[in-house]
Amino acid sequence: MRVSGNYDPKKYPVANINDGRYGVNDNSLRWVSDNNVPDTVELAWDEPQTFNAARIVTGQSGGGRPQTPITSFSLQYYAEDRWRDIPGAHVAANTSIDWGGKFDRVTTSRLRIVVYDTPGGLTRIWEFEIYNLQ
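Residue numbers (this note's numbering): 1 to 134.
No lab work stands behind these hints: they were computed from the structure.
Everything hinted at is true.
Ranges between beta-carbon positions, derived for each pair: (1) 2 <-> 95: 23 to 29 Å; (2) 63 <-> 109: 37 to 43 Å; (3) 48 <-> 6: 25 to 31 Å; (4) 68 <-> 48: 31 to 37 Å; (5) 63 <-> 131: 27 to 33 Å; (6) 42 <-> 63: 28 to 34 Å; (7) 81 <-> 46: 15 to 21 Å; (8) 47 <-> 68: 34 to 40 Å; (9) 48 <-> 26: 32 to 38 Å; (10) 38 <-> 11: 20 to 26 Å; (11) 132 <-> 64: 34 to 40 Å; (12) 25 <-> 83: 31 to 37 Å.
Quick reminder that beta carbons are idealized off the backbone N, C-alpha and C, glycines included.
Taking the hints into account, I'd like the entire structure generated from these sequences.
What follows is the structure, given as structure tokens:
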């Protein structure tokens, strides 16, 4: 897994992004970017994976409830030596802490989320998951 930047690697390690833990009342379970959008989080596999859905749990715990989810982002896959947008996987004006979306099926060995806008300029992700739904 690769990220474009990390606010505090010891406090918010990259491994938190895809570890199956997304307790939205525990900020220590998430990854936090540096303050330099756009931010990217890349997943990579030795063998190509096929998927058509994603779930992103994002934000911070505060004031008794999770808040400040990423607001504008796209999912991209790597093919033919360049990053390509996944059709149907661009989100603008997001307000959901637990976002899930379905899109055109893609097969690739590299996937990334590109965050274009986020409150305070910091991307905060508890979990980034992909699925191949029937």
